[in-house]
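Starting from the known structure of chain C, fit chain S onto it as the hints suggest.
Sequence lines, in order, name chains C and S. Residue numbering for the first sequence follows the working numbering, starting at 1 and increasing by one per position. Residue numbering for the second sequence follows the working numbering, starting at 349 and increasing by one per position.
If you are wondering where the hints come from, they were derived from the structure by calculation, not from laboratory data. Check the hints yourself; a few may be wrong.
[Said to hold, decoys possible] Derived DSS-like pairs (lysine-lysine); straight-line CA-CA distance at most 30 Å:
#1 C:108 / S:492
#2 C:295 / S:368
#3 S:838 / C:330
#4 C:131 / S:446
#5 C:131 / S:414
#6 C:131 / S:492
#7 S:368 / C:256
#8 S:446 / S:492
#9 C:88 / S:492
#10 S:414 / C:108
#11 C:131 / S:355
#12 S:355 / C:256
#13 C:295 / S:367
#14 C:108 / S:995
#15 C:108 / C:122
#16 S:885 / C:108
#17 C:145 / S:414
#18 C:122 / S:489
#19 S:368 / C:330
[Stated by the list, open to error] Label-pair restraints from in silico Cβ distances:
#20 S:763 / C:296: 51 to 61 Å
#21 C:299 / S:455: 56 to 66 Å
#22 C:111 / S:438: 25 to 35 Å
#23 S:367 / C:111: 49 to 59 Å
Heads up, the beta-carbon is just placed ideally off N, CA and C, and yes, glycines get one too.
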Amino acid sequence: MPATVGGYHLFQYCLGAQPQESIRFEELETDLGSGFGSMVGFGINTGLRRWRVSFPILPGASAQASITYNGSTLTPADYLWALFCDSKVSGDPFVVQSPRNDQYYLCKFADHELDYTRFLTKIYATGLEFKQFRLPGVTVFDPTKYATGRIYDAEPLDVDYDDGDPIDATWPDSSALNDDLSTGTTETFETNEQNGLPVVRFNGTSSWFLGTQAFTFHEAFIVMKVREASWSNYGGVLTANANGIAMLVGDSGTTKFFDLSLGSDYEYRLNGVQYDADDQQAPMNEFGLVHIRHKTGLAVDFLQVGKDRAFAGRYGKIDVGYIFLPTTLKPASDAREFTEHLITYWDL
Amino acid sequence: MSARDDKIAALVALTALGKKVDYCEYIAVDWVGDGSVMRYYGHAPYSRVPPFTRVKRYTGGDHIDKRILAQGDPFRQFELQPDIRTQDIAFEFDDIDKAVSDLFRDHGTARMRMYHYFPQVDLNEEVWMGQLHPPQITGRKTLKTVASNNRRAREVKVPAEGHQFFCPATFGRRFTALIAQQTGLCPVNDHLPGGTIGAGDATDCSRLDEATCNANTGATDGRYFGGYNVRPVTYSPDPHHGVTTTSKGNRSLFDQQKRWLAGRKHMNACTLLFFAREPNTHLEQGIVHSVWEIGIGPFQSITNVRVNSIAPNFNQWAVALGNLGQGRIGDGTLLQVNLSGTGLFIARVVVGNQALPAIDAQSLHGECDALGYNKVAVFTDDDPLTYSRIYTDDRVWWLLEVHTNQRAGNGQDPSEFWIGDLITESAHNRANVVFTRTVPEPGGTGTIEVTYPHRRTTFNHLFEGRPFDETVVDICRSGRITPPYLYQGKYTISSFRAYTGGELAAAPVFTDVGPANNIQWIDGLPNIQFSEIDDDKLPNKIKLSFEEFSNKGLSRPIELDDKDQQLRAGRAKGIDNFWEVTAEYVANGVDELNEAVKLGFSHLWFGQFNEGGIYNNWRGVFYIPYVQALALRRYQAIKIVSDLNDKLTPDGDPFEYFQVLYMRKVNANLVELTVQGYNQQKAEAFETSGGGGGGGDGAMLTYGAGSNVCNGYWPRMGLRNLLPWFQKGDLIHEAIWSVPFSYFRYQMWNPTTSVIYYLADGPAAEPWDTTYSVQDGFEPAPTVEEHITPSPEPAEVPLTPPVDKDITVGTITQGPDTVTIPLS
Chain C
1 MPATVGGYHL FQYCLGAQPQ ESIRFEELET DLGSGFGSMV GFGINTGLRR
51 WRVSFPILPG ASAQASITYN GSTLTPADYL WALFCDSKVS GDPFVVQSPR
101 NDQYYLCKFA DHELDYTRFL TKIYATGLEF KQFRLPGVTV FDPTKYATGR
151 IYDAEPLDVD YDDGDPIDAT WPDSSALNDD LSTGTTETFE TNEQNGLPVV
201 RFNGTSSWFL GTQAFTFHEA FIVMKVREAS WSNYGGVLTA NANGIAMLVG
251 DSGTTKFFDL SLGSDYEYRL NGVQYDADDQ QAPMNEFGLV HIRHKTGLAV
301 DFLQVGKDRA FAGRYGKIDV GYIFLPTTLK PASDAREFTE HLITYWDL
Chain S
349 MSARDDKIAA LVALTALGKK VDYCEYIAVD WVGDGSVMRY YGHAPYSRVP
399 PFTRVKRYTG GDHIDKRILA QGDPFRQFEL QPDIRTQDIA FEFDDIDKAV
449 SDLFRDHGTA RMRMYHYFPQ VDLNEEVWMG QLHPPQITGR KTLKTVASNN
499 RRAREVKVPA EGHQFFCPAT FGRRFTALIA QQTGLCPVND HLPGGTIGAG
549 DATDCSRLDE ATCNANTGAT DGRYFGGYNV RPVTYSPDPH HGVTTTSKGN
599 RSLFDQQKRW LAGRKHMNAC TLLFFAREPN THLEQGIVHS VWEIGIGPFQ
649 SITNVRVNSI APNFNQWAVA LGNLGQGRIG DGTLLQVNLS GTGLFIARVV
699 VGNQALPAID AQSLHGECDA LGYNKVAVFT DDDPLTYSRI YTDDRVWWLL
749 EVHTNQRAGN GQDPSEFWIG DLITESAHNR ANVVFTRTVP EPGGTGTIEV
799 TYPHRRTTFN HLFEGRPFDE TVVDICRSGR ITPPYLYQGK YTISSFRAYT
849 GGELAAAPVF TDVGPANNIQ WIDGLPNIQF SEIDDDKLPN KIKLSFEEFS
899 NKGLSRPIEL DDKDQQLRAG RAKGIDNFWE VTAEYVANGV DELNEAVKLG
949 FSHLWFGQFN EGGIYNNWRG VFYIPYVQAL ALRRYQAIKI VSDLNDKLTP
999 DGDPFEYFQV LYMRKVNANL VELTVQGYNQ QKAEAFETSG GGGGGGDGAM
1049 LTYGAGSNVC NGYWPRMGLR NLLPWFQKGD LIHEAIWSVP FSYFRYQMWN
1099 PTTSVIYYLA DGPAAEPWDT TYSVQDGFEP APTVEEHITP SPEPAEVPLT
1149 PPVDKDITVG TITQGPDTVT IPLS
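One chain only, chain C, in its complex shape (with noise of 0.2 Å):
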């Protein structure tokens, strides 16, 4: 990831220009008086950014930069060219990198009667202004740019596996971290599970991964399915190994997680939803995107997925397609972007 949307990154060329960046939701207050509190009613909770930008004026044929695109290598006027002419023709949006945290967003252009020539008048003087589209089933989002935190996705797996697979090496993770999981062996890796994306299945009985580093997350967000309609038993998801602390354990004879008593620092929410720490619904018979947050951090010798600590008998019998474990506490507002993000990608 991310996923790429066929079309143009104006990034590529305005980076550096700094666009000025908004947010806008969409909400509705109602004054209920004294003693009832206010609600807003509605919200995609990750509003609707929009951006203005403005560039240097473009410089004479000699001197301009060249830009690689698709392994054309156009100059920026032929390139703003070609960006408009394809976003209008097609229809499909393009990418544009937020100055905040320099993630990237599909966007289109705010004025729908746009010209060639207004288009350049505006983006080299006034301003042109863009603002997020969302495509269904595209995501340009990149966790990277989210934060550093270890990553264990399945898809990579896809070029040593094939549909049913035992897992007989490490599931790498694929970020800078290299703390690899190790692996019980009866894991398997299948495919096509979820919106054509492959997963790893932990079999209930004996499968489990073990990670190799000592660190703190303050974060996690899995995709994954439980493959029962309730716990059959105290299935282990993400624990830490023998004598570590549990995150995530199913809570036997029920659709939710066990409640672990992490205190209040601890938040869980499932596809965006939050639940208190006593009603933590669990993915139970269909994917679904698990997201804890931890103020102060949860530290672990080593990571272990799929099976709770040194207990016997507690091996969690589900799919596991992602797993992101990010070692900063990004705000909330982020957590929301990640989560829309992955639910885009997985379609949960």
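Showing chain S alone in chain C's frame:
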């Protein structure tokens, strides 16, 4: 509490903590109507965007398409828990790719349901249901249309079945459920569980003629053909019809819909199909021979037929009850077809040769007594759905039948209703009650009480082709029940009655003061207001018309008034005298005086649909959070605590409780509540239980389907001309009686309990006396009056041709043709 109640309570708790509540609005459009082409539309692609993504579990995994355009507010304004009187909702779709207009082109009007999804508690609440109509405006980029929650255009009537020359039936194999096929005109059902009728494997029928019908039904004589391949005589212009241009005097039966009888009725103006003059060599024996249509069958009974007030002689008349595939009646001289599914009678009456020349279609008048349609679905259980199709005068089940009947009703599926609620309301409305008036003592200064015992509501009504929604509203208004309203995805009804102590104790409290304040404030003041109808505009006299059964069903207006209120009205006008403000109503389906009196006073005291009368003239309007409105059910009791609520009833009591009349969602978070004052004292005294049906009038008992059989104490028993005739072994579901029992006896035996029920004359034995034993003095079986010879079932009594007369020549007027019949 149900899981839904728990979720709503959790939402209310969130708002009480000042936390925000997220929810999204989307619609589901069933383009084909069978669920095969479902599309989900929203203001945003909610299924892809947190926190709403789990809404997919309610869309079958489909995504919500971002199609609905909204200027700022992504939420519609509409009536919550709407009934058929609610307005339309406008929609504008993004249609740049013509995806929506293509679906409209392919499928036309489509059913839609609107939902609100609350992700924090995983609550998917259906809030509106209706039809999405083809676009009023189709533009290059957008498409504007409206959705309405009435299923049927106003121009379509109940009943709607006319007199087509081809069969108007929907071919039986096109139905996918037996419960729907059962009320159709086509009997073919061999593709459904338990079905036995049908031949071949056709999936549709040309409906052209009897041969086609035979090929598909397996019959050989065309008995199931429902078309009117006959030519009726010209017919007196009917004032109810005339929307089309027709030459004066050229109207015929074909101009009208068939009529549909609920309950009992003296049918004063049956519809003439054919007639013939049959002169006789005995001059005084000249006969008028005629065939009359009564309406959509099957009828429970048709008796006491008369033509021009003359009863035909014994064996000179016959009836066809309107069963599917009924036998042909008559000797074939007038009627050569069966007219499946249509109730008929045929009669020969003696008028004398001298009168024959003056006889024409306009001068003939046919009448009969009838117990109406006997295929009304009466449910006894909602899980599993259990019902019997029987004769009934139960207003609740008739209300459902009007919605569901395929031939004469709206053709909806019963599953669209909360059947359990209807079972409850049916039982409530079948109870015997007493309405009591306190009036001045004759010749004294005190008061006396006048009582009107009756069944709470009955339904004896002839449907003659009114718009569907008006029909429904009339049925409900006259039965003191609410029009069906949408509640949690299905339609339900409530009765206008006194609340129980438990209901009042559980009434939600709405207050504009204190820490529990839950009424919206604006500009530093509570947004609540009260109003009342001025005394000089409030009806103080009700003119109520009903068709009185004991007087041959003739219309009888009664006037009910309140002199104290008339004096208040006069003083409001400044004349210090009595001022009448009259409101007129029709008691639809009511045919008995006591029930009509009660109904009239309910309009006077509480207003139609409890919307304001003399004793509850106090209305409140205020605004509450949407999540609190989710917990309300329309027409339930609430309590208002507000300084503004200071009006007293005419009896001097405060209005502590109110009834929720309307809930209108005005924006994302607010619901406008319109409530009417609840006069607890007056409501609780309005009807009292018991009364035993007022001496038998209008009483009805419903026993479980098939639980009682007629054991044949007499070989055949029935009530004069108006009760079903039971024979030994007949299953008896219910019985109705309405006149003193001078001519009949019933003895019914319950084979499970071995209890014998007797129905006999005299108050000692009524309505059903389970301890009654065989007594001396039972009169012998009734002597059947000559003119009420019952017809066998299926009714097929061949007319006896005149054998003792030398008929020379007779003519049958049959449309434009004149046919000579042979000498007998």
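For a C-alpha distance cap of 30 Å, please report whether residue 885 of chain S and residue 108 of chain C respect it. It is violated: about 61 Å lies between the C-alpha atoms, which goes past 30 Å.
Does residue 414 of chain S sit within 30 Å of residue 131 of chain C, going by the straight-line distance between their CA atoms? Cα-Cα ~17 Å, so holds.
Does 49 to 59 Å hold as the CB distance between residue 367 of chain S and residue 111 of chain C, or does it fail? Hint violated: Cβ distance 38 Å, outside 49 to 59 Å.
Has the hinted range 51 to 61 Å been met by the Cβ atoms of residue 763 of chain S and residue 296 of chain C? holds, 54 Å
Taken at face value, is the distance from the CA of residue 368 of chain S to the CA of residue 295 of chain C at most 30 Å? holds, 22 Å
Can the restraint linking residue 368 of chain S and residue 256 of chain C be considered satisfied, given a maximum Cα separation of 30 Å? With Cα atoms ~24 Å apart, residue 368 of chain S and residue 256 of chain C stay inside 30 Å; holds.
Is the straight-line distance between the alpha-carbon of residue 414 of chain S and that of residue 108 of chain C 30 Å or less? The hint holds at about 16 Å.
25 to 35 Å was suggested as the range; check whether the CB atoms of residue 111 of chain C and residue 438 of chain S agree with it. Since the Cβ atoms of residue 111 of chain C and residue 438 of chain S sit about 28 Å apart, the hinted range of 25 to 35 Å holds.
Within a Cα-Cα threshold of 30 Å, do residue 145 of chain C and residue 414 of chain S meet the stated pairing? Holds: residue 145 of chain C and residue 414 of chain S sit about 29 Å apart, inside 30 Å.
Holds or violated: residue 88 of chain C and residue 492 of chain S, Cα atoms, limit 30 Å. holds, 25 Å
Hinted pair residue 355 of chain S and residue 256 of chain C, Cα distance within 30 Å: holds, 17 Å
Would the hint linking residue 122 of chain C and residue 489 of chain S be met if the CA-CA limit is 30 Å? Distance of about 26 Å is within 30 Å: holds.
Checked against the numbered hints above, the structure violates hints 3, 11, 14, 16, 23; every other hint is satisfied.
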